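Chemist: Both chains are given apart, each in its own frame, so use the hints to dock them into the complex.
Here's the letter readout for the chains.
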Amino acid sequence: MLSKSSARLFFIGGTTFFSLTFLALTWDTVSQVPERSNAHEMNESVTRGHDIWNDNNCMGCHTILGEGAYYAPELTKVVERRGEPWIRVFLKDPQAMFPGRRKMVQYNFTEDQITDLIEFFKWIQNIDANGFPPEPDLAPKVQNAMVSDPSVAGATSGTAHVMPEMMKTICISCHAVGGKGGKVGPALDDVAQRYSRTELDRWLADPQGVKPGTGMPDLKLSDEVRRELVEYLLNLNGGGNQ
Amino acid sequence: MKYQSQKVAYLFFATSLLLLCLQLVYGFILGFAHMGFDVLHDWIPFNTARATHTNLLVVWLLCGFMGSAYWVIPDESERELVSVKWAVIQWASFVVVGVIALAGFHMNWWEGRKFLEIPRPLDYFVVINVLLFLGLIGATAWKGKRFTTTGITLIIGLVSAALLYLPGMIHFDNQVFDSYFRWWVVHLWVEGVWELIMGALLSYLLIKLTGVDREVIEKWLYVIVGITFLSGILGTGHHYYYIGAPEYWLMIGGIFSALEPLAFLGMAIFAMAMSRKGGRKHPNRIALRWTLGCAVLSFVGAGFLGMAHTLPQVNLWTHGTLVTAMHGHLAFWGAYAMIVFAMIMYVMPQMTGRNLYNGWLPEWAFLLSNIGMIAMTGAFAVAGIAQVYLERKVGMDFLDVQESIEVHFLGLVLAAVLFTAGILMFVWNFVQFGIPQNDVLTSDDEEGVYAEATA
Ligand code: HEM
Ligand code: HEM
Ligand SMILES: [Fe+2]
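As you go down the protein sequences, you meet chains U and P in turn.
Okay, so the first sequence: first residue is 1 according to full-length UniProt numbering, each after it adds one.
Okay, so the second sequence: first residue is 1 according to full-length UniProt numbering, each after it adds one.
Calculated from the structure, these hints are not laboratory results.
Computed from a predicted structure; not experimentally measured.
Among the hints, erroneous ones may be present.
Unchecked claim - Non-contacting residues of chain P with respect to chain U, defined by C-beta distances greater than 12 Å in every case (computed):
no.	residue
1	D38
2	W110
3	L131
4	W184
5	V225
6	G293
7	V323
8	L410
To be verified - A few chain U residues facing chain P, derived, Cβ under 8 Å:
no.	residue
9	T29
10	M59
11	T63
12	V225
Think of the CB as a built atom: it goes at the ideal place given N, C-alpha and C, for glycine as much as any other residue.
Excised from the complex, chain P in its bound form (with noise of 0.2 Å):
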């Protein structure tokens, strides 16, 4: 850690996990339901499980961004932040908005729109929360000794998230363009400007964990996110084929998507490629693996269980059923819970001065999770096959099919077991860290100060 105000990190890096360890609870109420338990149906009926299980995916996620950058942009701008004061407000009132949103989903107090239940005037409190979140970073940047290509893109990728979510917050009485603004935050957040701040996170990550030359990473930064935007913005249209907008969607959205998984299989090329050629053997091994883990799962369940379905004729039988589910996991882990527990992982030593990086616990934590969420999309792709199959290609009643597949979900269940036994490891990793120290001013730089310190 340069920079003591880098510690604020911390506060968002804690949140993020125990809101992660609210979502798996969530999780099991909607994996025992599809079991046919729905024994909380009365108090927490499926929707309300559903609405909480995915808002705090995003909360989660978002506040992991969050540390994350107030942890980056110092260090690439080479100052303190401008205020840990309001740093700290920041997160606070973050903190309050997503409890009062995930005690409203509970009281009916939401709106009926995939992964924007938020109710409008919430989301004004989120406008202003993140404005001040950008004011923050954006002045830190602006007053900073040095622009990187690495912290503009982090910077810009937070900017759009946030300019995209206004067109969530019209409201429109036809069903057809309510769902197709709603993508434009939904799908033009995964398929593009979050991969501008998993990419900017992943090139910080490759600087300094493998010693490669800023430029050559900062150059396949550019090309990344460049072919990101050119497949991303018009494969939204994979969304737009069986919603009511015109038929030209299908070819647009079915040629643009299936371009999609270039830009995953380059982030995935681009880190091993990195890590090789990088001579430098930073210690801390474990945040190099999820960092490297993060670049290729995300391939895999973004990029390939992506292009599974995204073809207009495959689309037509898939179109929100259990297969949407799999490939949903999967990417939402590789590539963004992955990057922000890669970026965890490579913090919590340097704001602790503790080197907990080595031994069996974070190894367990890396192996059970990983190896749970693969298993996890496995069983969701089982049920989700036989659900395309069978109520769709036969036509068999929906609550037949849902009663001869409950049995995937036991499946799954147990996969997810395996996985959230993982996740606490890491969870109970983090807490061994501690808090985060006053005197550890470390330079773990580019220019390789640190000593080949093998702890």
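Here chain U stands alone, though its shape is the one from the complex (with noise of 0.2 Å):
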């Protein structure tokens, strides 16, 4: 039988080994890392992005590379998902981006801290993670199953018009156009027949003003971007003539 003091040499031996092996490999990655996570890109503004997401502890609700807590989405391929506008608009008030949901803090973040972060995210999103986050492998086949509705499918091909990019990275977060996008608020597809010219004009400057209370943020566009989306929003479905 086994005894004492060949089970203590089984420990000590073990032990030893496998803490040297643990050293050599941990000599390896620390000199693999900077070049996986493109250090040479991380500048300045990466870096006090990073501290902002140490300093308020986002880790608290949110993971990244799939470390932290399961309250928030998961945000190392944030930027990519979203688009930089989008991040924005959402930081500067988050509660209204999703009203009535599950609330984010309200930091109150200057421009210039959600410009670091949104370089931070950026700088994340390109480290190589062995393919983490990993695509939807089920999606090809739950849509495959589901029976298309050509109705719904032309709707948005049939669009004269291409989709402003407003409308693609913030608008659809909230709004579905062609059964596509958000429930936070209605569909879209049909806004021409209920609302005209003006009135679209007027809820995207101030929606406050036309609705108190609405769930809908001032997202302080443009002109330019105004007059964009709501020729485009004019013209869903062939206009007004369904």
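Modeler: See the structure below:
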């Protein structure tokens, strides 16, 4: 039978061997990480963004590279998923974007701080994380299993106008067009039948002024972007003649 | 109790249970927030509640370990503690640092580094405090009459836990390095040196409670902690899959972390076998039950549920979801909370001279807390698996998924009520024991002098 002294030898020998192996692998990892994480792209803005991330314990609700808490979305690829303009608007007033839903702290970040955070996220998303976060592999199967509705499919492709950038990145997160998009606000396919050009324009310029207490945030759109959006909306579904 | 100075353990145990109760309050805040009732958002946002919940956990467990060490080390080295006064000072300063850290979390004073949220300036105080603790324990052992494997394993565990705290204090701008070295603390604690502490306390309790020969028990202790390090050190790799570390960690982390459950299986078999083998029937059955419960549930929570998501193919999907929280709860409860409870239950009758281990209260405390925790694990599991499929596999929006799993958090909170009822009974039992008495010097030692008391 195993004696106590050989059991002790097993403990000491094994521990020493595996500790040394671990240190050697750490050495190698430390030499590879700068390249895998594009450390040369970590400018001051990225570092400041990282500090903001740390100082406010954002990881206490979110995950990044899969580490953190499970109360708020995974943010490794957030720039890719939402786009910069969306993040900008969202961070200025997080609760306005998702009224009545799970709340994020209102940090009152300055423009510069938001820029730093976005720079940090852009750096994070290019880290070689061995394929994390993965693409949803069941998504195509789920879509194939659903009977496609030609009237819905036609709605967007039939539209003469291309979707403006603002629409793609911001509005869509709350409103649906052609069956795609958020459910916070109403679908926008038939707004042209319900509102005139002036009404739409006024609404986008000042939602609270038109309907006090509405969940729709004031997106502070420039005149040009607003015109573009109104034009697009009026032409959805062939305009008011469906 | 053989030595008067062992009584200082009481302060640590009482503090430990108090902090546990506070941890549960914050657990409910988290559970309700997940259910959609984040009513405290303006005062205690989720990240504050969460940092408080997990740090209270770590602090009360460490407090329990320290109390256990102040009890076990005099016993094992057969002499009084070198200084009770300094032990009390160490206790008081530990509490002060802990309270400052927790208050800081409520004022946005922290670092966003999961489990290591305590800001660096306070880390230095933690270090001083722990050095004082190790000094007291070390000097007692050094001057003691005998060196036992159990005592030495406990000390090695405590010293290495202190050393491994240091890499967590280094500042890195690069998130990948920050994360890489954060795991030296978090992983190498719970899947490394804390297992040494657990193993040592387990053997101490088994020696006392079963009467099996010390040589036999300590031999197996070496084997088990040997397996712990054999698998656990390179097993750190299971946290390096997807954080930007090289790809070889998928292979190394996968293989070695898959061996980690063996150490926990070893502890379970070891504890069961020894309790069966032991001819002696110690009257404190409930302490034995916590001891065996610890060995078994640590295997289920850490070993089995850890294994469930440790392979890289699985972890790719479950990484950073509620599946992790499922495992975290049962692992911490089974391995570390239960060993502290076992120690408390073993120590209190001796310290106070009251044999309050019979009757319905300790029984129900054991049953309700364990049933409650297993049910909580089930609730997290259902929520976590649903999240993995809907969000990660199908690609549904995060908040939509969270809304659809809110109902499982109702389940979680109901289970947590059961669990909390069990904990409150345990605490009430503890209170009934009263404070340590001066005159109770019994010798509940290996020579089996104690009467076959059936109180
Ligand atoms: C008593 C021992 C253990 C405790 C207390 C424990 C606790 C935890 C905790 C709290 C986490 C979350 C960490 C974080 O995300 O920051 C975690 C993660 C993890 N644990 Fe354990 N654990 C234990 C043992 C094990 C074992 C033995 C295995 C493997 C067989 C394991 C596998 C994992 C894996 C794979 C993760 C990462 C999950 C993810 O990617 O999100 N654990 N553990
Ligand atoms: C009243 C009972 C409890 C409730 C309702 C509860 C609930 C929760 C919730 C909702 C989370 C946050 C998950 C997230 O980030 O979204 C959490 C985290 C955590 N809790 Fe508890 N908890 C309770 C008791 C405990 C106990 C007794 C322990 C330890 C034995 C514990 C250990 C942990 C750990 C380690 C984490 C971090 C998990 C991770 O990051 O993966 N909790 N708890
Ligand atoms: Fe681990």
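Chemist: Give a verdict on every hint.
Modeler: How the hints compare with the structure:
Residue-level check failed: D38/P sits 6 Å from the nearest beta carbon of chain U, not beyond 12 Å. A Cβ of chain U approaches the Cβ of W110/P within 12 Å, the least distance being about 5 Å, so the stated non-interface status is violated. For L131/P, the shortest C-beta to C-beta distance to chain U comes to about 23 Å, beyond the 12 Å cut-off, and the non-interface label holds. Distance check for W184/P against chain U: the nearest CB is about 9 Å away, which does not clear 12 Å, and the non-interface claim fails.
The beta carbon of V225/P sits about 6 Å from the closest Cβ of chain U, which is not more than 12 Å, so the claim that it is off the interface is violated. For G293/P, the non-interface assignment is confirmed: its Cβ lies about 26 Å from the closest Cβ of chain U, beyond the 12 Å cut-off. The non-interface label for V323/P is inconsistent with chain U: the shortest C-beta to C-beta separation is roughly 9 Å, within 12 Å. No beta-carbon of chain U is positioned within 12 Å of the beta-carbon of L410/P; the least distance is around 16 Å.
A least Cβ separation of about 5 Å between T29/U and chain P falls short of the 8 Å threshold, and the interface hint therefore holds. Hint status for M59/U relative to chain P: holds, with the closest Cβ pair at about 4 Å, below 8 Å. Taking 8 Å as the C-beta cut-off, the interface hint given for T63/U holds, the closest approach to chain P being about 4 Å. For V225/U, the shortest C-beta to C-beta distance to chain P is roughly 25 Å, which exceeds 8 Å, and the interface hint is violated.
Of the numbered hints given earlier, the model fails hints 1, 2, 4, 5, 7, 12; all others are met.
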